[in-house]
Every structure is written in structure tokens, then in C-alpha cells.
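Undergrad: Chains as they are written, first to last, in my numbering: chain A, 1 to 392; chain B, 1 to 392.
Heads up, some of the hints might be wrong.
Because identical chains share one entry, a pair is satisfied inside a single copy or across any pair of copies.
BS3-like mimics (lysine-lysine), calculated; alpha carbons at most 25 Å apart, straight line [to be verified]:
1) Lys122 <-> Lys26
2) Lys138 <-> Lys310
3) Lys91 <-> Lys331
4) Lys310 <-> Lys57
5) Lys331 <-> Lys65
6) Lys26 <-> Lys383
7) Lys91 <-> Lys310
8) Lys186 <-> Lys122
9) Lys129 <-> Lys176
Note that these hints are calculated values from the structure, not bench results.
This structure is a prediction, so every number in the text was calculated from the model and none was measured.
Chain residues, written in single-letter form:
Number of protein chains: 2
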Amino acid sequence: MVFYYLCDDLNKVINNLKFTISHTDKNSKARAGEIVTDHGTIQTPIFMPVGTAGTVKTVHQRELKDDIKAQIILGNTYHLYLRPGLDVLEKVGGLHQFNGWNFPLLTDSGGYQVYSLSGQRKLTEEGAKFTSHIDGSKHFFSPENVMDIQRTIGADIIMAFDECTPYPCEFNYAKKSMEMTHRWLKRCCTRFDETEAKYGYSQTLFPIVQGSVYPDLRAKSAEFIAAQNREGNAIGGLSVGEPAEDMYAMTEVVCNILPADKPRYLMGVGTPINILESIDLGIDMFDCVLPTRNARHGLLYTQHGVINIKNEKWKDDFSPLDENGTSYVDKEYSKAYLRHLVHSQEYLGAQIASIHNLAFYLWLVGEARKQIIAGTFREWKNKMVAQMNNRL
Amino acid sequence: MVFYYLCDDLNKVINNLKFTISHTDKNSKARAGEIVTDHGTIQTPIFMPVGTAGTVKTVHQRELKDDIKAQIILGNTYHLYLRPGLDVLEKVGGLHQFNGWNFPLLTDSGGYQVYSLSGQRKLTEEGAKFTSHIDGSKHFFSPENVMDIQRTIGADIIMAFDECTPYPCEFNYAKKSMEMTHRWLKRCCTRFDETEAKYGYSQTLFPIVQGSVYPDLRAKSAEFIAAQNREGNAIGGLSVGEPAEDMYAMTEVVCNILPADKPRYLMGVGTPINILESIDLGIDMFDCVLPTRNARHGLLYTQHGVINIKNEKWKDDFSPLDENGTSYVDKEYSKAYLRHLVHSQEYLGAQIASIHNLAFYLWLVGEARKQIIAGTFREWKNKMVAQMNNRL
Chain A
1 MVFYYLCDDL NKVINNLKFT ISHTDKNSKA RAGEIVTDHG TIQTPIFMPV
51 GTAGTVKTVH QRELKDDIKA QIILGNTYHL YLRPGLDVLE KVGGLHQFNG
101 WNFPLLTDSG GYQVYSLSGQ RKLTEEGAKF TSHIDGSKHF FSPENVMDIQ
151 RTIGADIIMA FDECTPYPCE FNYAKKSMEM THRWLKRCCT RFDETEAKYG
201 YSQTLFPIVQ GSVYPDLRAK SAEFIAAQNR EGNAIGGLSV GEPAEDMYAM
251 TEVVCNILPA DKPRYLMGVG TPINILESID LGIDMFDCVL PTRNARHGLL
301 YTQHGVINIK NEKWKDDFSP LDENGTSYVD KEYSKAYLRH LVHSQEYLGA
351 QIASIHNLAF YLWLVGEARK QIIAGTFREW KNKMVAQMNN RL
Chain B
1 MVFYYLCDDL NKVINNLKFT ISHTDKNSKA RAGEIVTDHG TIQTPIFMPV
51 GTAGTVKTVH QRELKDDIKA QIILGNTYHL YLRPGLDVLE KVGGLHQFNG
101 WNFPLLTDSG GYQVYSLSGQ RKLTEEGAKF TSHIDGSKHF FSPENVMDIQ
151 RTIGADIIMA FDECTPYPCE FNYAKKSMEM THRWLKRCCT RFDETEAKYG
201 YSQTLFPIVQ GSVYPDLRAK SAEFIAAQNR EGNAIGGLSV GEPAEDMYAM
251 TEVVCNILPA DKPRYLMGVG TPINILESID LGIDMFDCVL PTRNARHGLL
301 YTQHGVINIK NEKWKDDFSP LDENGTSYVD KEYSKAYLRH LVHSQEYLGA
351 QIASIHNLAF YLWLVGEARK QIIAGTFREW KNKMVAQMNN RL
């Protein structure tokens, strides 16, 4: 019996998330590292495409892997819980099995969607009552059942249940909300630690720093989160409408407190410039709907600025979509053809632009990593930030 | 000078469409052949995916070639004329250059869309006045300018401008319409023959048999069309709501008259069963929006019948989309996952189902070809027709 217990413990330790930093930048807080999960290794800094309902919109799984070079993608707990539902996900053996993405996965906690998407909602100390945006049915999320739900979805990295405060947000509301998020975190940790992964590979829980745009709240929250000593930490409640300067200021305050030897995930951020500036401050992980959502509206991110492909000027520009692009769509399709597709509201327009934008985001974080390793990150970042601001 | 003229003529003959029949079935009128165009060879019988606005909806060009095994695709003259417009298409050097599909292309004449899509329309001996469904602007199609437009779009095979009569259709209307279509055809041939291809490869013009569901009109029209002695012939005005028996009866009447040594194209047909029955009657080419349109509604065609993937029964069926499917999506994705995507109105659902359905259609005509060559077409067709009727 003792032998079996030892083996179990040993396996647990071996399987848990490992983070190693191979290079730190001399001139900034940027670092290059690797996160090892049971579904593979992630090279940081990394951008994680958002696959809300178990699909990154318009993109096949093989395109994610081969053309976009995604290493980890997101799923949204709120959406997956409502549809296809936990019965389906449990029966198939989790989201990896369901959608065929056999690489690292992260799920958010559903907190953000409860506030942004559901119809009616009521927040109490116990949790959040909400109605489904699909059929109006009533549901309840608590720190405990959100851990159980994410155990069933089965992502490699799961997130604590928190309240994401809006912007602007009164100091007193932000403080009370942060304190409740902290109490919820304790409940999340307790539930997570007394339950086990369901599908033969390990999961890890990241807590989330809140505190709106108030430095003292952010510092307090970062200290509380750091003290939980989990395997990675996240920063929430930014990129919700505040000025970029506030986002960077809060990120800096928090990065100075969160342990340096654990991955830092800045949730929901952002533009290519936001990402480079935040890497500079010590962030390792990002997710954002911008590259896919803006793709569907014809906005393309490039090294040299943002293209609005709907503009008249691209009507007869038959040059490749992006001469510097790394994905096959950049060479295979022209600007004029994509403009035509987007104007005609053809699916293929959204498909091409989504692959382009996501491949660009993955190129950007991969290049940032190379520059960190080469010791040239800050100069490169400054050049890129200057040129990516252009409207082409 | 004489030398040059001879060379021109010689090139014209060499470059024009070539059709050779390698096998004819003993027990039916089915035949297996090859159509050679300047953009490649098409093995018949063939199904041509519809790429209305220069894109087969939801499908990348490389997927068309590699996963679906398409050999020729369609473009719609009405749509392409309105958007991106002839200025763009002429500047880039035609549709092949515009969308990057460097294989055979066919364009319809726009006649069908003028009647089915545009707002107001007025038909006279001269042609058709119509308003754009996009912006209400006014336009005019005549046999002459539709030839010019298709010269500019630059498809390998272009279609005569005709009136596609609706179903049901009074005999007298059908007769008068057919006679006008015949007069329009003469004008199309004259204009086509006095103009040249614009982009260094040859084009050919197919005339269209009309006559609604009236055998004597169909026979008369087929005789008229046959007498024009073009390089291929088409049958229009079917699959517009008439019973399948009428479609087959009209196809049989016409196939008995159209020359056997030229390709026969049955326009807008149809279901997998329609296609097999029409191959049996001597048809070589098909196009239809069903596989892509129905894909977007969650209907999947398979060897063993039609699947409505939205049905509850597929909710937790994690088996591959189609065990017998030839495309990678059939193995990569499960029925339950596709059901979830279609229910969630996710783009990827339409993308997966479209690739599946088109790959199935291309498999079907390819298998028909093999069976014709093996001399087993009729028995195989009867078996397939019986089993494809199932609702799974």
C-alpha cells in the first residue's frame, strides 16, 4: 500500500507543469522560457489563440498546428459548459478528445463571460447566478463547481473563478471585488487540491490578480496571489477599456511582485504592441480575440502596420497578402482577392484573414523570444512598436 | 502571311478543348472520358464545385485540390461581373489569376441569376435589363456582352446566354422562350467566333438545350443545339422543381440527340442519386450548390445515406464523421464534434461539412468512372441508389 501511494505521489510531481527560464533580457524584464505540460512543451513568451466553443473560429485544427504554429489554445468554460455540455465532454474524455487538439489547452473560469454575455446575473459571496445567452436557462457558477467543470473539460491549465471588474470602476467596488476574488481563490484552491484530474494527465490551477487600475490594490492582490504558491499566475481585469498606459503600469506593479520563476499570464491582451510592451515587463503568456475578431472585419496585422483590407486602395493590388508573412495564405492569396472576399462576406475571407493574423501573432511572440535569447529584445521591440502603429 | 495564318489556325485547333471517350458502358449510356483544356485535363464523368463569387464557399483553394480532388470549378458571371467587376478581373488577367485556381474553370452565362437573384428585371429580344441584388444599380445583359464578359473573366469553358424557364412553365411560354434562347445562341456564337481569348489560352463555348419538361421541345432544342457543332453541349432548365422522373426523361430525350462524341453537361444537377442516374443516361459533367449549401445546414451525403448532423442521436457519437470518407476531415473530426459546431453556428462546422460533401461528390463521380471502365457501372449504380436514399 505504501508503495502505491509513493508511486502516485511521484507521478503527480513528475506530471505537473514545469517552467524553466533559459534567458532573461539585460535591458528589460523580458524572459524566454519553456512550460512543459503533459500535452507538450510551450515556448514562452507565447500567444494562445482563443477557441471559445472548442474551435478557433474559421480555423481547422491542422491549420492551427501547421500553418499558424499554435502551441496552446484556449477554451471558454462558460461556452463549453452550456454547449456541448459536461455530459458530452465527460463521455468523450475531455476537450482534447472532443476537438482533436492533442496539444496544450487552457480554459478560463467563465467569470468574464458570466458578466459580459449572459442575460440576467446576480453575484453573491456564494457565486454567480446567470441565465444562458443561448436559451435563457438558469445556471449557477461557484468557485467549487467551476473547478469541477474545468476538471471535466480537462484543460492542462485551468483558471480560478474571479470577478473581472469593468472599466471605469470605483475604488471601493474594486477593493471589495478583489477581496471577494481572493476569498473565491481560497475556495478554488481547496476544491482543486481535494479533487483529481479525470483523464490520466495532470492539470494545474492559475490564480488571477485583480484590483482594477489602482496600484495599491494591484500590489495587494499580487502579494496575496503570490502567497498561494501555485505553478503559474495570471493578471485579469486589464484590456477592458482602460488607457494602455494604465494597463502597462498595473502590469509592471504586478510583475514586480509575482514570483519570477513562475509563468505570468496577462489575460485578454491584446494588440501586437500591447503584447510586446508586456513581454518587456515580464509577461510570458497572452490570449486575445483581436486577431480572429478583427480578421472577420478585414483588419490585418503586419510588421509594418495595420491593413484595412476593405479600403478602395487594395481593389487592384494583386501583390501577396503579406510579403513578410510566414503563413501559406500570405503568398497564396492577393490583397485584392481578400478585399473582394471580405466585401462579398464570403467565409473564405474570414478564414484567410484569421490564419494570417494568428500566424502573425505567433510569429511575433516567436521573434520576441529569439530577440530575448539574442540579447536584442529592447531595440527590436522599440523598432517594431514604432512601425506597427502605422495604418497601411 | 499564309504561313502565319496557318500557324494561327493550327494553334487554335491544338489548343481547343479535346474530348476523348475511353470506355462506354454495355448496359447503359454511361461513358468514361477525358476533357483536355489549356489548364489541365478533366476525367469524366465529373462534378464541378460551384465557386459563385470566385470562391467555393468555406473552402481554401489548396483544399479543393488536395482534399476534395476537384478538377474543375465554376464561377458565376452575374456575381463576378457585379463584384469584383470586370476592371479588376481584366487587370489581373482573369479569374484564374485572381483567385489562384490554376486549373480548369467554367463560367455560367448569368442568365439564371438574372432571373433568380436580381431585383427588377425585364426581358426583351435584345437581352435582359436587371438591377443588382447588391446595390440596386441597373445593368443589361445581352448575348453579345455576356460573351465579352466571359472573355474577360477568362474561364476555359463558357456558357451561352439563355433563359432558364421556371417550373411549372406553360407550353407556349416554354416554346417561345426556347426559340428566343436559340436566336440568342446564334448571336452568342457570332460574337464568340469574332472575338479572341484575352489571356493566352483558349476558351470554348457550350450552347444550352432548353424546352422545360416538354419532350418535343427538348428534342427540337437538342437538334438545334447539336447543329451548331460546338465543342460541348449543355442541358439547362432542369432541377428547377420538376419531379426527378421528368428530369431523367428530358435528359434521356436530349442525350439521344446530342452528339455522342462531345461532352454533355447537365446544369445545376443535383443530388448524388440524380448524378448517378444521369451518368447512366450519358451525362459527363455536373455542377450543383447542394453539397455546399446543405453542408452549411448540417446535411452530409454518404454512401449509405444522408446524415442530418443536427439530430440528437449524434450528440455523443464520437465515431469518425464518415468511416468510408476519402477526405481528411472524415477521420479527423467526429460526428458529435461536427454536431456541436453546426448547433453553435461555428464557421468550422460549415467548413468541415463542405469539404466532406464535396469530397464525397468527387469520390462518387470518380467511382462511377472506375465502374464504367470495369464494365460494372449499372449494377453498382443500382446498389448505390438504393442505399443513398437512406436517412441516417
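Undergrad: Of the numbered hints stated previously, which ones are contradicted by the structure, given in increasing order?
TA: 1
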